[in-house]
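Note that the protein sequences, when read in sequence, are chains A and B.
Sequential numbering of the first sequence, starting at 1, is according to my numbering.
Sequential numbering of the second sequence, starting at 1, is according to my numbering.
Accuracy of the hints is not assured; some may be wrong.
[Stated by the list, open to error] With a cut-off of at most 27 Å between alpha-carbon atoms, the simulated DSSO-like pairs for lysine-lysine come out as follows: (1) Lys622/B with Lys584/B; (2) Lys29/A with Lys126/B; (3) Lys29/A with Lys81/B; (4) Lys81/B with Lys126/B; (5) Lys586/B with Lys522/B; (6) Lys29/A with Lys586/B.
Calculated from the structure, these hints are not laboratory results.
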Amino acid sequence: MRIDVTVNGEVWNLEVEPAEVLLDVLREKAGVKSPKIGCERGDCGSCTILYDGHTIRSCLVLAVEADGHEVVTLEGIGGEGLTMLQRTMVEMSSFQCGFCAPGIVLAAHELLQEDPNPSRHDVEEAISGNLCRCTGYIPIVDAVLEAARIERGAP
Amino acid sequence: MTDTYVGKADAANAMEDLQVVGTGAPRIDGLDKVTGAAEYVDDIDFGPALLHASVVESPHAHARIVRIDTTRAEAEPGVVKVVTGADFPFTFGLYMQDRHVFAMDRVRFVGEQVAAVIARNARIAKRAASLVEVEYEVLDPILDPLGAISEGTELIHPDLGSYPRVPWFLPQAGTNISHWRKTRRGDLEAGFAEADVILEDTYTVPRYAHCAIEPHVVVGRLDQAGRLTLWTASQSPYTQRAVFAEALAPLGFSHQDIRVITPYVGGGFGGKAGVSMEIIGAALATAVKGRPVKVRWTREQEFYNTYQRQGVVANLKVGARRDGTITALEHTLYWDAGAYVEYGANVVNAAGLSATGPYRVPAVKIDSLCIYTNLPPGGPYRGFGYSEFHFGLESHMTRLAQRLGIDPVEFRRINAIAEGDTLAYGEPMNPSGLREAIDRTAAAIDWGTPAASDDPNVEIGKGLCLFWKAPAMPPNASSASFLKFNEDGSINITVSGMELGQGYLTVMAQVASEVLSVPTAKIRVETPDTDRNPYEWQTVASHVTWSCGNAVAAAAKEARDKIYQVVHDAHGYEEDSLYLEDEKVKCDTDPDFELPLADFVIDGIEMSDGTYRGGPIVGSGKFMPEFTSARSDPETSQGGHPNVHYTVGAAGVVVEVDRETGKIRVRKAALAADVGRAINPTLIEGQITGGLLQGLATVLYEDMRFDEQGRLLNPTFTDYKIPTSKDVPDEIVPIIIEVPQPDGPFGARGVGEHTMIAAAPVIADAVADAVGVRLTDMPITAERVALAILEANGR
Chain A
1 MRIDVTVNGE VWNLEVEPAE VLLDVLREKA GVKSPKIGCE RGDCGSCTIL
51 YDGHTIRSCL VLAVEADGHE VVTLEGIGGE GLTMLQRTMV EMSSFQCGFC
101 APGIVLAAHE LLQEDPNPSR HDVEEAISGN LCRCTGYIPI VDAVLEAARI
151 ERGAP
Chain B
1 MTDTYVGKAD AANAMEDLQV VGTGAPRIDG LDKVTGAAEY VDDIDFGPAL
51 LHASVVESPH AHARIVRIDT TRAEAEPGVV KVVTGADFPF TFGLYMQDRH
101 VFAMDRVRFV GEQVAAVIAR NARIAKRAAS LVEVEYEVLD PILDPLGAIS
151 EGTELIHPDL GSYPRVPWFL PQAGTNISHW RKTRRGDLEA GFAEADVILE
201 DTYTVPRYAH CAIEPHVVVG RLDQAGRLTL WTASQSPYTQ RAVFAEALAP
251 LGFSHQDIRV ITPYVGGGFG GKAGVSMEII GAALATAVKG RPVKVRWTRE
301 QEFYNTYQRQ GVVANLKVGA RRDGTITALE HTLYWDAGAY VEYGANVVNA
351 AGLSATGPYR VPAVKIDSLC IYTNLPPGGP YRGFGYSEFH FGLESHMTRL
401 AQRLGIDPVE FRRINAIAEG DTLAYGEPMN PSGLREAIDR TAAAIDWGTP
451 AASDDPNVEI GKGLCLFWKA PAMPPNASSA SFLKFNEDGS INITVSGMEL
501 GQGYLTVMAQ VASEVLSVPT AKIRVETPDT DRNPYEWQTV ASHVTWSCGN
551 AVAAAAKEAR DKIYQVVHDA HGYEEDSLYL EDEKVKCDTD PDFELPLADF
601 VIDGIEMSDG TYRGGPIVGS GKFMPEFTSA RSDPETSQGG HPNVHYTVGA
651 AGVVVEVDRE TGKIRVRKAA LAADVGRAIN PTLIEGQITG GLLQGLATVL
701 YEDMRFDEQG RLLNPTFTDY KIPTSKDVPD EIVPIIIEVP QPDGPFGARG
751 VGEHTMIAAA PVIADAVADA VGVRLTDMPI TAERVALAIL EANGR
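Just chain A, same shape as in the assembly:
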């Protein structure tokens, strides 16, 4: 079957099999490698993408369902440069191995789009579907709050 799916602003017309999941199609047929394969059952959040503006787990979506929809991955959020969130995460060395980063950055990005002044609890809630085994989460949450603070121009 053929689908039209917009990936990071570019329309792809792709041949997909009925049982193929969106994650595999993004990685293998659109060459977008930031969504990672971690559990293939929606537990870990490594395959998180923005789907029509909201985070979903791309391992749980059939590729055929994505026909006519818009996908944004980590490669696509910054446009030409980096977002304040990304810059702050680099500055604060938020991640360790980085395998969960594509999913967590998108989950936090979605939160900051919707709420420029989140509480620590809000941030913890927003990334609670994304497993990280390295960091203990605190350095990630700290960076999300710091990026929000800078964006707001708050002291």
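Please build the complex by placing chain B on the supplied structure of chain A, with the hints as guidance.
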């Protein structure tokens, strides 16, 4: 090569005026990781020739293979090849060759690889794998380590006595004991006779999974010219190459024919050390010459067919005098090591040398027994045996103190090991800030000040425990580094340690930066390729900051010496009057002289006659701890020098425990570690935060559950719960202590694993403090606490 490591005097000098070492420089891989640029093995494209393999797994924990029929699988369209053990009758193993690539005559755990299907895509391979018919003669599974060593139990490895092994492994042929480390020191009988109080008990620790978020993956390709290249998600590229070369020697391969490339790794924690599933990729590549073949583990396979942290049953007996002085310790550790112990037996060995904990103990008897069972292979996991035995040991120390009527923290101060004290294997203890760690951790949790809860159902408890750990390495484990300058004065460093997330590449850049005055933002440190990067033993044992840091420092100093030589040749300044500052060469005797590195590190320095001096500046360095030895008396472990040094520290928690539900909430956790020298304090705080949570998870949330047939019941994140962002302590207090390690780079020693070691006993202590129940079996879940409270109340 110039000096091979930063010696005592050098380290001391270097500490006076450090610019980069000691700062929280941002990670040099940070940008790669927040942009999606970071490439992991599964992200590498191999084009349309890429084949995929799926493994046929044993459904039985213990069985003889009677017959394998691959004809139906071979007939599937899209299947390229089906292989079984008969195609690769080779053994492999890191420290003892007790494994085959695929099971040969018998299977020894549920999930063991029996055959593999190689096909055009993963879906075809998986479907065809289900068509391979294997007939088994099922045997009784041996799942309990104590049962496995009882009289008359069937041998899981009848050929144990003939397996090739390192000399410090002591297999007991004709039993299921694959290694038995005995450590004896002092007069045990007299020690216990001297004691006023003797406490004896048994502690159990189940199996655990690493749960790196990136699953294991390997791509192997034997090209038409006969070169075998492996791309692996690995902590150990050089060790893998050595194991592959040894295993595939019957096919004519040696080290020069094999290349291992490891890009970024998505977490390791010991699970990606050595060789586990990667042997399959190496073998399969030889079966489909010219085509790359990928094996990627599913999350389920990640749980049951890599390494698991071994379970242990620990019998512990400790005696002390009324004044609190420990007089004797007897510690017997029965390890459920699983079906193969080629790596796991070294975990058992490490524990057997160090199961006194960080205490001065005059009379010691340790027995650490590595026992085969029909459960998945045990192996290294952050803490390498120490996380496992500290649960019982530290729980016991607190209880012994209470029995003596001595404050548990004071008891630890009395017995804490200090520099120069004799270790269990007879060598002196290295410099240590253990006392400071105890004091600062106690202060961080207001030890001695009772805390009360507003909620009548909730009790507050505190715990404080110590930890120590030494790298467990062969005596000749070494590191090496190459360093080159570029035209703009930037630097490339190649090493073969792995960036697992700990920040190793950044720390190596900081070491070179400090020596050469080039900022870390202008230093790239490249992930390993065994053809190009110099040797590293493995990225395990929390040793790369120390060992490879010394190698990078040596390479940077060699480059620096060459820079001084060139400037001397061109300008005549004495070499010992020159120094580097702000990417320039400067001179003590001529304040006006300054020469930017970028002006000459490639092109050289032009002389008045138009000729040039110098040329590309490169450096190389290596480090090997030349003072260690694994040769010791097998009956006592005396006479060798197995460990390079110990990193020590303390952890403390304040917890809330709900009397009715047993639910535990960690209000505060503090952890102090003596890192010798904090090359990057931000990264060390990252290790403390992440490692503490991983340790807390082993005691609060996780454990592996097997049924009576040896099947793992919870091989998913749905049923094996690792912490989310909502499961972190309310507050974590990292405390960095710096008592320099004389042979470490700028005084540094390792800290990666240590951060999870004390987490389990400190929770056990805090729960006991809060609600008065002492749990001696891990994990300490809400359910178990609630049941223990009911039992204590006679209900």
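Status of the hints after comparison with the structure:
no.	hint	result
1	Lys622/B with Lys584/B	holds (26 Å)
2	Lys29/A with Lys126/B	holds (20 Å)
3	Lys29/A with Lys81/B	holds (25 Å)
4	Lys81/B with Lys126/B	holds (13 Å)
5	Lys586/B with Lys522/B	holds (20 Å)
6	Lys29/A with Lys586/B	violated (55 Å)
Checked against the numbered hints given earlier, the structure breaks only hint 6 and satisfies all the rest.
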